[in-house]
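There are 2 protein chains.
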Amino acid sequence: MNSSELLEKLHSIDRESLYLERAASVLQWDQETYLPEKGVQERSEQLALLEGIAHEKLTSPETGRLLSELGSSTENPCGDEKLPEMERDFLKVLRRNYDRAVKLPVDFVSAAARAEGLSQAAWVAARRDNDFSAFLPHLVKMIDFSRQRAIYWGYSDNPYDGLLDIYEKGMGVKAISEVFTPLGKKLGELLEKISSRPQPDNSFLDQEFDVEKQTSFSRDLLKRLNFDTSRGRLDVSAHPFTTTLGSDDIRITTRYLERQVQSNIFSTIHEAGHAFYEMGFPEELRLSSLADGASMGIHESQSRLWENVIGRSRAFWEAMYPVLCSYFPGPLSAFTAEDFYRAINLVEPSLIRIEADEVSYSLHIIVRFEIESELFQGSLDPAKLPEAWREKMKELLGVEPETDAQGVLQDVHWSMGSFGYFPSYALGNLYGLQFWEKLRSDIPGAETQIAQGNFAPVRDWLRDTIYIWGCRKDPSELLKIVTGKSLSAEPFLDYIESKYAGIYGF
Amino acid sequence: MNSSELLEKLHSIDRESLYLERAASVLQWDQETYLPEKGVQERSEQLALLEGIAHEKLTSPETGRLLSELGSSTENPCGDEKLPEMERDFLKVLRRNYDRAVKLPVDFVSAAARAEGLSQAAWVAARRDNDFSAFLPHLVKMIDFSRQRAIYWGYSDNPYDGLLDIYEKGMGVKAISEVFTPLGKKLGELLEKISSRPQPDNSFLDQEFDVEKQTSFSRDLLKRLNFDTSRGRLDVSAHPFTTTLGSDDIRITTRYLERQVQSNIFSTIHEAGHAFYEMGFPEELRLSSLADGASMGIHESQSRLWENVIGRSRAFWEAMYPVLCSYFPGPLSAFTAEDFYRAINLVEPSLIRIEADEVSYSLHIIVRFEIESELFQGSLDPAKLPEAWREKMKELLGVEPETDAQGVLQDVHWSMGSFGYFPSYALGNLYGLQFWEKLRSDIPGAETQIAQGNFAPVRDWLRDTIYIWGCRKDPSELLKIVTGKSLSAEPFLDYIESKYAGIYGF
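Taken in sequence, the protein lines are chains D and E.
Everything in the first sequence is counted per the working numbering, starting at 248 for the first residue and increasing by one.
Everything in the second sequence is counted per the working numbering, starting at 248 for the first residue and increasing by one.
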């Protein structure tokens, strides 16, 4: 076979494995949105089977043979230098996935998938009942599975490095600590400065915002952001998320709380940011493994850019506040866009990550990053997690949860075995502002457009500059391609400092 | 390996193939309910892949080897006589599915699947454009593929027997004709009698029934019928259906038409009847191929029993009419339960099967059965179908379609090559009344209970007498086990005669 025949075969295997993964995503999406309560048990068996088959396909000897014949090896993943760049990127990504997958035994993969299904269900109940001890055995299993995974994959220093590498290629504990430690310090100082100033009034947000009207508003909002409902949908789940069930089937969820209209608004914008990324991959990548974000952090840069930098900006609410008022004239008629802008940007260290303001958010991540580091170094006993959580929250944010439901049980990630995922959120903040700095220099009128409700220039720039690459490039490479720079917290800190100096007057 | 080890292996293959089919059902359900418009194309690729893998698993040489080692052959499907009865039934069902699947060459299966896709699309366009000639070449192909399928499977007399056997094991043209011919005659006579009498007034059903309230009412109705929402759900689709996504995940759909409240009510009850069957399989069958209806006809007996015999009875509306009125006081306050009962039982021969009343419904089926028989005997040229349709409709129902869209093109079945399916609907009516006769003799107070809104005795009887068998027994065997009798139209005709004599006063 010549190389184009070999590539065609490899693309066909890749496509089938993608179809199976997306079929599994349909089952998972359904589990989070519509699955009847008692269907969970069998669903986890169905998912384990699908994931097992996708894994088998990806790790078949044929995949390995084709990769080798195309010159791709662990040391030289891109293969033959004469191949087009796109195909070399494809080989790199496939080689990486293949190497990762073949190192995990099939039985291990299905056992882990099955345990994850049960663990997630147990977490839901434990959080509801504020009962950490009911979740602990599942959590211990999730940690063991993750540690075992890191061992299978191999790591040089700390098993946690092996896990971080899944979400943020090339980033280890050391590299992340080097950015997070000074970031935490600066944010802590800023938090102190802010807490000494008079606070904006956000009490008017604590009114009844009819859930039906919230539903209509979030649909309207998505329409104005040009979310394409012929290629996606919005549903409701306990924890908002985005998932890709097909190249033209990208779904987001939100949740509606009657007395917290902002929860729905910013969940919707956040998940739309993820969805724009997934919807924006160019046609030629869509049915391949290259149709993916460059990393979880780059993915978060998109959601958090839309949610915070755009969605919590003065310009955004200049355009959108009149629309919001048309849905909620009762609760909002006495307040201006500026009142609303200040209210949604109130900085107040609190217990729940997903409700955190922009300044303290990254500190929530640093708490989790430090805990995960200690868990995988073996210096923290999982049974002691609630205590460790309370201590770190107090140290970094100055607040302490009274219940585990508001503490260590608040996030779904650990129940799914997604250790190493959290740092991506804070990295997303940093990447996002590096991209934003470049976008503003490329489109000087971006904010004016936003203030007029025209989001197209920003969306198109993101698509043509970032989404166009899919996961062809590692995050640091992509950052270099787009901005010409390496990872830096500076643009983020500059943005935070200037925005909040404006709001808090210092 | 001893026989219990062999059985365990076979059960494990069977279970995996079931999980894959149910995973495919999740994708199909989603396609009918929530899939964004542009997601359809890739979804069909995902489904084809899943179904291919399930088929491969079922037809693997290992399945054949295990069946043989357990003594199961085409001639002696139940295997070794020393095995427990349940396992012998399992082997029988698996052998049947295996034989059916392996007898079709892979090339034939994919050629047929491709042709079916094109044929269905052509049918949609032909029905829209009322253009039978555009559909004809596809229809001819569908007939050829079906005939070829029957040849691969083998048949003794008429290839149509081989097709009927898929849906109604053991029933051939001869057996069905023997029942359908006198049934058609009796129903025709009854129809004439009815048409000479004054008609009930159903014009008050043609009012606005708010869709939101219809939604609430159908949920309330399901609750009163004890539909277990921890093991199932109700959603909306263009064409109502029931599907099993897991042993504890059985879903039904309905549709809401503002000026046809009865469409939603009877769709909901009909699909609930299917769902009760699927939910009622005993624990020990649930994760095997035995967790299925005994036949399409037996399945229809359950949906049609609930929809018509129970759902269109005076007793049912004695309990439910006050509930319905509480949702729709406006449209209904001037009418009594008796008015409603008479309105929903209006008999009026019409062109469209799915809108037919209880008396003329089976006549629609007989039209299709006679046409299918002639097509496969070769005595009817497919090009002459529109004429044949008009003649038979006139002969049996006294009405004649003006367009083919309202005639021969109205149903999707033939465009998918599902010849032999239609008779199950009418057989369902007959089985249903045979079961009902026995139920009433076992529970003399059944109707009194229904009139008090207590559906538990009926539901429990059906579960303990019919559902308990899954598909362990062929329909005629099951009928014998439950009622002690063979197939007969008498109970159905007695029921129809007595009910409509009451309504029409003859």
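No lab work stands behind these hints, which were simulated from the structure alone.
Hints may contain errors.
Copies of the same chain look alike in the list, so a pair counts if it fits in one copy or across any two.
Simulated pairs of lysine to any residue, SDA-like, Cα-Cα distance not exceeding 20 Å [stated by the list, open to error]:
1. K432 / F355
2. K470 / E284
3. K631 / P445
4. K720 / L481
5. K685 / E363
6. K720 / R637
7. K350 / L296
8. K685 / S380
9. K285 / R478
10. K304 / D354
11. K329 / D376
12. K388 / T583
13. K388 / S291
14. K350 / G700
15. K350 / E531
16. K304 / E292
17. K416 / Q446
18. K432 / A422
19. K746 / S307
20. K285 / L481
21. K421 / Q624
22. K339 / D391
23. K285 / Q653
24. K641 / E459
25. K256 / E292
Hints, one by one, checked against the model:
Taking CA atoms no more than 20 Å apart as the test, K432 paired with F355 passes in neither setting, with 41 Å inside one copy and 65 Å between copies. Proximity of K470 and E284 under a CA criterion of 20 Å is satisfied inter-copy only: 16 Å between copies versus 32 Å inside one chain copy. In this assembly of identical chains, K631 and P445 lie within 20 Å of each other by CA distance neither inside one copy nor across copies; the values are 37 Å within and 81 Å between. Taking the closest pair of Cα atoms, K720 and L481 never come within 20 Å of each other, the shortest separation being 30 Å inside a single copy and 45 Å across copies.
Taking the closest pair of Cα atoms, K685 and E363 never come within 20 Å of each other, the shortest separation being 40 Å inside a single copy and 48 Å across copies. In this homomeric assembly, K720 and R637 never come within 20 Å of each other (Cα to Cα): the closest approach is 38 Å inside a single copy and 61 Å across copies. Taking the shortest alpha-carbon separations for K350 and L296, only the intra-copy value of 19 Å comes in at or below 20 Å, while the best inter-copy value is 26 Å. In this assembly of identical chains, K685 and S380 lie within 20 Å of each other by CA distance neither inside one copy nor across copies; the values are 48 Å within and 53 Å between.
In this homomeric assembly, K285 and R478 come within 20 Å of each other (Cα to Cα) only across copies, at 6 Å, whereas the closest approach inside a single copy is 30 Å. Both within a single protomer and between protomers do K304 and D354 lie at most 20 Å apart by alpha-carbon distance, with minima of 14 Å and 18 Å respectively. Taking identical chains as interchangeable, the C-alpha atoms of K329 and D376 are never at most 20 Å apart, the minima being 59 Å within one chain and 51 Å between chains. For the homomeric pair K388 and T583, neither the shortest alpha-carbon distance inside one copy (51 Å) nor that between copies (62 Å) is at most 20 Å.
Within a single copy, K388 and S291 get their C-alpha atoms as close as 16 Å, which meets the 20 Å cut-off; across copies the closest is 37 Å, which misses it. Neither within a single protomer nor between protomers do K350 and G700 lie at most 20 Å apart by alpha-carbon distance, with minima of 49 Å and 60 Å respectively. Within a single copy, K350 and E531 get their C-alpha atoms no closer than 30 Å, and across copies no closer than 37 Å, so neither meets the 20 Å cut-off. Taking CA atoms no more than 20 Å apart as the test, K304 paired with E292 passes in both settings, with 18 Å inside one copy and 16 Å between copies.
Taking CA atoms no more than 20 Å apart as the test, K416 paired with Q446 passes in neither setting, with 40 Å inside one copy and 76 Å between copies. Proximity of K432 and A422 under a CA criterion of 20 Å is satisfied intra-copy only: 16 Å inside one chain copy versus 85 Å between copies. In this assembly of identical chains, K746 and S307 lie within 20 Å of each other by CA distance neither inside one copy nor across copies; the values are 52 Å within and 64 Å between. Taking the closest pair of Cα atoms, K285 and L481 come within 20 Å of each other only across two copies (15 Å); inside a single copy the shortest separation is 24 Å, beyond that limit.
With identical chains, the CA atoms of K421 and Q624 are at most 20 Å apart within one copy only, with a shortest distance of 13 Å there and 76 Å across copies. For the identical chains of this complex, K339 and D391 are neighbours neither inside a copy (29 Å) nor across copies (44 Å), given an alpha-carbon limit of 20 Å. When the C-alpha separation of K285 and Q653 is checked against a cutoff of 20 Å, the pair qualifies neither within a copy, at 26 Å, nor between copies, at 40 Å. Taking identical chains as interchangeable, the C-alpha atoms of K641 and E459 are never at most 20 Å apart, the minima being 38 Å within one chain and 48 Å between chains.
For a Cα distance limit of 20 Å, the shortest separation of K256 from E292 across copies, 17 Å, qualifies, whereas the shortest one inside one copy, 30 Å, does not.
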